[in-house]
Structures are given as C-alpha cells and as structure tokens.
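Going line by line, the protein sequences match chains S and F.
So for the first sequence, my numbering puts the first residue at 826; every next one is plus one.
So for the second sequence, my numbering puts the first residue at 274; every next one is plus one.
Be a bit skeptical, because a hint or two may be false.
As the list claims (entries may be wrong) - With the Cβ distance kept under 10 Å, some of the chain S side facing chain F (calculated, not the full set):
#1 Asn-832
#2 Ser-836
#3 Phe-839
#4 Leu-843
#5 Glu-849
#6 Arg-866
#7 Gly-872
#8 Leu-874
#9 Tyr-875
#10 Ala-896
#11 Leu-898
#12 Gly-899
#13 Arg-907
FYI, nobody ran anything at the bench for these hints, they're computed from the structure.
Predicted model only: the values in this text are computed from it and were never measured.
Note that the Cβ used here is the ideal one computed from N, Cα and C, for glycine as well.
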Amino acid sequence: MPKQKLNPLPSAAFQILLALAGEELHGYGIMRQVAEQTDGRMRLGPGTLYSSIRTLLEARLIQENEPREDAKLGGERRRYYRLTSAGRKLARSEAERLADLLRVARAKKILRGQYV
Amino acid sequence: MSEKIYAWLLRLYPSHFREAFGDDALQLFRDRSRDETGCLSRLRLWFDLLSELALSVPREYFRVQPELVTYSAHLRPDGVPSFFVLAGDSLGSGALLFGSAVTLAALITFSVLLNHGVRHVPLSALVRATPNAAKEPWSQSSAPAREPVRNSQGQAVSPASGEQPGMAENSSQFENANASDSSSNALQPPGMTPPFKQQNRQPQGIVSPATANTKLDAAERYRVIDGAVANLKQHYVYPDLAQKMADALRTHAKNGDDDAVTDRQEFANLLTRQMREVSPDRHLTLDYSEAPLPKHSAEPTPEELARYREAMKQQDCTFEKIETLPHNIGYLKLNSFPDVSVCQATAAAAMASLNHADAIVFDLRDNRGGQPAMVAFMASYLFDHPEYLYNPRENTTEKSWTHSPVPGNRLANKPVYVLTSARTLSGAEQFSYDLKMLKRATLVGETTGGAAHSGVWHRIDDHFGMGIPETEAINPFSKTDWAEVGVQPDVKVNAGDALGTAVRLAERKLQKK
C-alpha cells in the first residue's frame with residue numbers, strides 16, 4: 826500500500842526526504858527547508874505536509890523522534906523527523922532516476938548546456 | 274481569530290488525520306503566521322492554506338488506512354471465519370460510478386412506486402368515482418372501528434344505519450341522528466343521545482328479493498315505483514310536490530321511459546332524476562344496494578354500546594393528533610365527530626390543551642362525519658356567544674346552537690383554519706360549511722365530498738331505499754348547502770398541501786398583529 830503511494834514518488838515526498846537528508850527537522854522546519862531548496866516554489870501546506878509525513882512514516886522511510894522544544898521557536902514541544910536508511914536509499918535512487926532523465930534531456934538537447 | 278478560523282477549517286479533515294496531526298497543523302499555522310507578517314505575506318499564507326485544503330481534504334478521505342485493515346483482522350477470534358472488508362486499493366472510479374448508478378436507480382424506483390401506490394387509495398377513489406358514493410355508506414371502505422358494529426346494524430346498512438354507536442366516523446350516523454331528531458315517530462330510549470335513537474318506522478312498500486344476478490324486470494320496476502310513491506306520499510315534506518313526483522314516476526313508467534333500463538343502480542339513478550325534475554331537491558334520493566338491506570331496525574344492545582365505548586377509547590375518540598406547531602399554532606386532527614356522551618371529556622381535554630394557541634388548525638381531511646351534537650360542541654369553543662349552526666336535517670332547535678361561551682376558553686377570537694379534502698364528509702362538512710358561512714374560519718384544501726344526508730332513510734325492499742327530506746330546515750346563509758356539490762374551500766390547494774398552506778396563512782396573519 827505505501828509502496829503504491831510512493832511509486833512514483835510524489836515530488837512533495839521526495840522534497841521532504843531531501844529536506845531531512847541534512848538534519849532532523851520538525852514539521853515547520855521541513856516546510857521552510859523545502860521552500861528554501863525550491864526557491865520558494867513549493868510551499869507545503871499542513872495537509873500535504875502531514876499527509877506525506879504519514880505516508881513516509883508508514884513506509885518507514887522516515888521516523889519520528891522524541892518531541893522536544895525548538896529553542897528558536899519558543900516553548901512548544903515539537904515532533905522531529907529524521908531519515909531512515911531506507912529513506913536515504915530511496916532518495917538516492919530517485920535522485921539517480923532524475924539524473925538519468927537529465928542525461929536523456931541533455932542528449933536530446935532540451936536543456937541548454939549552462940544550466941546543469 | 275485567524276487561528277480559530279483555521280482550527281475550524283481543520284475539522285473538514287477526517288478524524289484520523291485530525292487526531293494524528295491536528296495539533297501539529299495548528300502549530301505550523303501559528304509558526305507561519307508569526308513569521309509571515311505583512312499584508313501580502315498574510316494573503317499568500319491564506320491562499321496557500323485554502324488551495325491546499327481543497328486538494329488535500331478529498332485526498333485524505335480517499336486514503337485507505339492499511340493499519341486499520343490488518344488490525345481488525347487480528348482481532349478475529351481463532352476458528353471464526355474472518356474477511357478483509359477493506360481492500361488495499363482505493364475503490365476504482367468504475368466501481369464508484371456503478372454504486373452511484375444503482376443507488377440512484379433504487380431511489381427513483383422507490384419514489385415512483387410510492388407515488389403510484391398513493392394514487393390507488395380505495396377510499397378517495399370511491400368518493401371521487403361516483404357522486405352518489407358518499408351517500409352510500411355500504412359502498413365506502415369500512416374503517417376498522419366500524420367493522421365490529423356492522424353486523425349489529427338494525428334497519429340499515431344504508432344512511433339510516435347511523436344509529437349504530439360504532440359508526441361515529443360513518444357519515445350516515447350524522448344523518449340519522451338528525452333524522453331521528455326531526456322525525457316525529459322516532460323512538461328515543463331514555464338517557465340516549467341522538468345517535469342511539471331509533472327510527473322504528475315500518476318500511477312502506479313490498480319486500481322483494483331482488484338479486485344482483487337476475488336482470489331487472491318490469492314487475493320489479495313496478496314494485497319499486499309503488500314503494501317510492503307510497504313513501505313519498507307519506508313522508509315528503511311538501512305533500513303537493515310529493516303528489517306531483519308520484520304522478521311523474523307513474524307517467525314515466527306508463528310511457529315506457531324506464532323499460533330500457535336493466536341495471537338496478539341505473540334504475541335508482543333514473544328514478545331520482547325523475548323526481549328531481551319535478552322538484553330539484555338534492556336531499557331526495559332513491560338508492561340501490563347490492564347487499565341486502567336488513568329488514569328490522571334494532572336498538573343498540575348494551576354490548577354494542579360497550580364495544581363502541583371501547584373502540585372510541587382505543588382511538589382517543591378519533592382525536593388523532595393534537596400538537597402545538599411553531600408560532601404557537603394549535604393543530605388538531607379529528608377523524609370524526611363522535612358521540613358526545615362518550616367523548617365529551619376527551620374533546621374538552623383536547624380543546625383545553627390548545628387553549629393557549631394563537632391560531633388553531635382543524636384537520637378534517639380524513640373526517641367522515643359523525644354527530645351534529647359533537648359538531649356543535651367543538652364549534653362552541655370558537656365563539657363568545659351562542660351561534661346558530663345550520664344543519665340541513667334539522668329545524669331550528671336548541672341543538673342547532675353552540676354552547677358558547679365556554680368558561681375559561683380563550684379561542685373564541687383566535688384565527689381558525691379548517692383543512693378539507695374530498696374525503697371530508699357529512700358532519701365534517703357541516704362544521705366546515707357553518708364556520709365558513711359565519712366567516713369564522715378559513716377553509717384550506719379541496720372541495721368536500723358533498724354528503725348532506727338530509728333525507729330520512731326509508732326501505733322499499735331488500736335492495737332499494739329512499740332518502741326523503743321530512744322537514745324544511747332553514748338555511749340562513751344561502752339557498753343551497755353542500756349536498757352533492759360539497760363545500761368550497763376559501764383557499765383551494767391539494768389536500769396534501771393544505772396543512773403547509775394553512776400554517777403559512779396563520780403565520781402571516783399572526784405577524785400582522
């Protein structure tokens with residue numbers, strides 16, 4: 826079931842995996858990180874964010890850590906998420922798939938040389 | 274404030290999502306609102322939230338929870354067959370489409386069948402089918418309460434049968450009660466109220482065993498005409514007209530005008546027409562009954578009285594519904610005008626329970642009549658002074674007046690609405706007619722059945738009988754009453770819509786005040 830949901834991997838899920846590649850983050854942190862890595866093109870709303878998080882949790886691609894406070898954001902306890910090894914593997918294979926696509930695109934002269 | 278709005282919007286998500294992430298979603302909203310200040314940012318925030326809401330809410334609802342499936346499967350005790358009800362896949366659009374189509378088809382079929390069935394209610398069909406049907410109680414479908422006393426009927430299964438106590442909802446009771454009042458040789462057992470009075474008159478004419486199987490022949494025609502002539506001469510209120518009618522009947526017979534008729538019902542109708550050609554009296558009828566008319570009248574036995582009391586008790590004296598509708602409108606559904614001596618307390622209690630109302634709706638759509646004394650009793654609550662209630666059967670007597678004012682009653686000046694249908698008959702028509710003529714009520718619904726029953730019933734033979742007016746009741750309102758033509762409503766709508774219409778009228782009237 827989760828496999829079906831994640832195959833193909835939705836871009837929101839892939840972005841979340843990428844966001845968590847560096848460090849563990851809470852929901853809002855993920856949202857900001859995704860916005861940053863897409864130059865603000867993807868702003869995950871709560872519904873999409875948490876629904877994706879749940880799917881990724883179910884597929885054991887990410888896991889939840891003990892809730893704790895974020896020093897910068899005040900006293901509220903937050904759930905933190907981090908990448909599992911399976912998640913890291915999937916993110917890598919997705920990146921490779923995209924890289925393959927990129928090579929094809931470049932071979933077909935769809936992309937101009939200076940970009941990638 | 275905006276957080277509250279968002280918290281409310283979050284309720285659109287399915288509960289499993291809210292339970293798992295509702296707090297987190299709110300937290301994220303707080304974080305974003307704290308960080309994204311300024312008009313434009315705020316606008317963007319809400320745009321994001323709303324557009325995302327539109328997409329993710331349906332997605333969440335279509336999401337099948339795998340943990341639910343496996344969990345419920347684990348719960349099954351060993352040895353008991355268990356089934357996976359939830360599939361791993363969400364339903365395909367084909368399956369959803371098929372399901373919707375089947376549901377829609379079932380709904381349509383059900384509603385069509387329902388409407389189809391309603392059109393075939395035998396009661397209304399009978400009343401509408403023949404104008405005479407209303408006057409022939411034996412042709413009406415029998416109400417449950419009437420059944421027990423049916424076999425105990427004395428003189429009549431005919432209009433005269435109304436004496437029977439169990440026939441409160443039978444229109445004929447109303448007629449006969451009146452008949453007994455106005456006929457000089459009516460017997461009045463001590464302590465009995467009108468419906469129990471007996472009309473012990475011996476039938477005029479010959480008793481002949483006419484049957485439905487044989488054709489009407491000349492001999493039978495003459496027997497019936499002889500009987501009709503004899504009854505007319507003896508009982509009709511105007512002797513000179515009676516003579517003229519008798520002559521007309523004989524002349525027609527002699528001229529062979531009746532010879533072509535072999536159907537008994539048609540023959541009865543023909544004789545009625547011949548008499549009315551002389552004097553257009555709607556209350557004078559000659560009727561045919563396929564079922565033999567009982568020969569002797571019988572007074573109700575104590576058992577029959579007890580049965581009637583029991584039947585009335587079980588049916589709350591046919592006070593089917595008493596309610597207070599919104600805007601303090603009292604609603605009373607009354608399905609007959611039962612015997613006052615049995616039901617006075619019930620009727621008084623019903624009216625007392627509506628005493629607080631600002632307007633009152635009498636639902637007489639299923640009321641087939643009853644006792645004029647009860648009509649007067651009920652109407653008494655609607656006036657602050659005694660009011661004359663016209664009744665085609667009765668001369669002005671003490672009983673024609675309401676007993677107004679009723680002590681403690683506050684309904685005398687409240688707006689009154691009466692709901693009518695084609696099934697509203699006899700005593701219920703008297704109630705409607707008089708309140709309409711006295712401008713005391715607004716009638717809403719259909720034209721009533723037109724059963725005035727002002728003639729006293731006289732048996733000619735086993736199958737033929739006559740309704741003959743014996744007194745001249747003075748109608749203070751108009752030349753004609755509701756005999757055969759019915760009472761016209763003030764507001765004509767289908768019976769089914771009458772309550773809604775009356776309530777709207779009442780509300781409008783109350784608002785104006």
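Hints, one by one, checked against the model:
Because the closest C-beta pair between Asn-832(S) and chain F is about 13 Å apart, greater than 10 Å, the hint is violated. At its closest, the beta carbon of Ser-836(S) sits 14 Å from a beta carbon of chain F; the interface hint therefore is violated under the 10 Å criterion. Violation of the interface hint for Phe-839(S) is found here, the shortest Cβ-Cβ separation to chain F being roughly 17 Å, above the 10 Å cut-off. The interface hint given for Leu-843(S) is violated, since its Cβ lies 19 Å from the closest Cβ of chain F, which is over the 10 Å cut-off.
Violation of the interface hint for Glu-849(S) is found here, the shortest Cβ-Cβ separation to chain F being roughly 15 Å, above the 10 Å cut-off. Contact between Arg-866(S) and chain F, as hinted, is not supported at the beta carbon level, the nearest pair being about 12 Å apart and thus beyond 10 Å. Restraint check, Gly-872(S) versus chain F: the minimum CB separation of about 3 Å is within 10 Å; hint holds. The interface hint given for Leu-874(S) is met, as the beta carbon of that residue sits about 7 Å from the closest beta carbon of chain F, less than 10 Å.
Among the interface hints, the one on Tyr-875(S) holds; its C-beta lies about 4 Å from the nearest C-beta in chain F, closer than the 10 Å criterion. For Ala-896(S), the suggested interface contact is broken, since its CB lies about 14 Å from the closest CB of chain F, more than 10 Å. Using the Cβ-Cβ criterion of 10 Å, the hint placing Leu-898(S) at the interface with chain F is satisfied: the shortest such distance is roughly 6 Å. Using the Cβ-Cβ criterion of 10 Å, the hint placing Gly-899(S) at the interface with chain F is satisfied: the shortest such distance is roughly 9 Å.
Against a cut-off of 10 Å between C-beta atoms, the interface hint on Arg-907(S) is violated, since the closest Cβ of chain F lies about 16 Å away.
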